[in-house]
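A.B. asks: Listed here are the chains, written in short residue letters.
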Amino acid sequence: MKLKKNLALSDSGFVFDPSTGDSFSTNPIGLEIIRMLKEGKNANDIKNHVTKTYMTDDASFEKDYYDFVNMLTKHNLVEGGEKEKN
Amino acid sequence: MSAKKLQYERPVIQKLNVGLMNKFGTRTEYTPLTHIDGNSVKDLLGKFGSPLFVISERTLRRTFREANRSFKTRYPKVQFAWSYKTNYMNAVCNAFHQEGSWAEVVSGFEYQKALNNGVPGNKIIFNGPDKTEAELKVAIANNSMIHIDHLDELYLIKEIAVESNKKPRVAIRVNMDTGVYPMWDRFGFNYENGQAWDAINKIMLNDKMELVGLHSHIGTFMLTPSAYGMAASKLSHLALEIKKKYKKNIQYIDMGGGFASKNTLKGSYLQGIDASPTFDQFAESICTAILNAGFTETDLPLLILETGRALIDESGYLLGTVVSNKRLSDGRRATILDFGVNILFTSFWYDHKISPAQEFSQYTEDAVLYGPLCMNIDVIRENITLPPLKRDDHVVVHSVGAYNMTQWMQFIALRPAIVMIDMEGNSHIIRKRETLDSIEKDEIVPKYLKDFKL
Ligand SMILES: Cc1ncc(COP(=O)(O)O)c(C=O)c1O
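So the sequence lines, in the order shown, correspond to chains F and E. Taking my numbering, the leading residue of the first sequence gets -9, the next gets one more, and so forth. Taking my numbering, the leading residue of the second sequence gets 163, the next gets one more, and so forth.
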């Protein structure tokens, strides 16, 4: 799963996709995940980081993570738009 | 051990529509409501179970006093009568009776409730199209005000009066054109076509009954105060005609209920808080009409109001818990709550304001809120902007005090407890959570159906 390369992110959670002109707003944890995805981290890296930093557990986060990734795909923020595993 | 972990919030991302204000996403809507009159929502749910209805006695009394003041500062003789069907929890009724309200009932069942609560018979207004002979006899014996809905009832009361040698105190319900449609013309006698005047003559020309009042109830959730002014003028005109023809003063004019509460009707662009007129506006319209109708000062009738929803809606809250989150096939977020339309009947009419009961960041999502029933119609809000909620988070539905605690259904699930928070902030159970036994105690299984083998 690869995010579009040229997405612009701001610290306040503003996401801009120059290829479509769409903009989005995400919360701090969403922004962290998007940054990690841009750095090429995989689902496991992200899960480890989040469960270490936040008060949540593997099972709850995994559910939320896949939901979030689905939304990224739906919003056309994923390279090629294809749905990959992980 | 590692350092203290941070509070977790579900990751969300939402597309921004440039130039389009999100009409649902007003900040006030998702400001958390963590406490009601000093009681934490979390503690209330922990103590009394989820879901839970909560009534703020403070809001109830404040609202009543505000309405009372609006009318009493404009008119010398004002009397409220609590509309039992709007919320007949006895604790609620008694709070209104303590504030000085009489009782307005529309069935024998409600009539008995008012009597049991200690309302004197002559302070009970008996409305409605279906009063049985037995119920009428009791009401006549108690000297209650009987509001006649149709001619069959008028003749029945006359018969009972002859038999019992008591002179029933009656009023007629009048329906009329007030410029608001649909017109509620199925109740009472019509003004414009002369039915009302005809019924008045039938009562006045017969000395078996005493015509004490004139009544109208022009509709419910009315947003136009001027309609009440028109209704008050028409009833005043009838009262003055009676005075002219029979030299008799009508004791009261009863304007019924129907003032809109601060809820938002489905499909309305304006939020209820902006769209609904104030008590002052309704009072101004009604009182001006009666004062200008042509009564002499001593002949001014008592003004009775049967206001229901506008007096109790805002005092009521429904507290509940998130069961699950889902994503619908079109990508929308769906949140399932532990209460449905079975106990929140008014979600068919209103876009209820719903707040999370815990603090959140400023991030939000558009969502559909569903109840837990296995039915497609179980939708609490079709479109709402809320912070990301997770399982076991709590929500608070606002302004649910009117009609839910009387029209709720025992369907699929048991009905929740109702708690009243008193003026000092103490919570009191005023109706216990139902049990299997409360539902089955009136059931009878025939003997031959008691046993089976599987
Ligand atoms: C005769 C009568 N009075 C009073 C009411 C209370 O109305 P509301 O709750 O709209 O004020 C009703 C309700 O429909 C009614 O039928």
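It is possible that part of the hints are untrue.
Here are the simulated DSS-like pairs of lysine-lysine, each with C-alpha atoms no more than 25 Å apart in a straight line [said to hold, decoys possible]:
id, chain 1, residue 1, chain 2, residue 2
1, F, Lys31, F, Lys42
2, E, Lys239, E, Lys409
3, E, Lys166, F, Lys37
4, E, Lys166, F, Lys(-6)
Derived from the structure by calculation, the hints contain no laboratory data.
A.B. asks: All hints are to be evaluated individually against the structure, with a verdict given for each.
C.D. replies: Hint check results:
With a CA separation close to 16 Å, the supplied pair Lys31 of chain F and Lys42 of chain F stays within the 25 Å bound. With a CA separation close to 21 Å, the supplied pair Lys239 of chain E and Lys409 of chain E stays within the 25 Å bound. Proposed proximity of Lys166 of chain E and Lys37 of chain F is supported: the alpha carbons are some 18 Å apart, at most 25 Å. Only pairs whose Cα atoms come within 25 Å are accepted, and Lys166 of chain E paired with Lys(-6) of chain F is rejected, the gap being roughly 34 Å.
Hint compliance for this structure: hint 4 is the single one not met.
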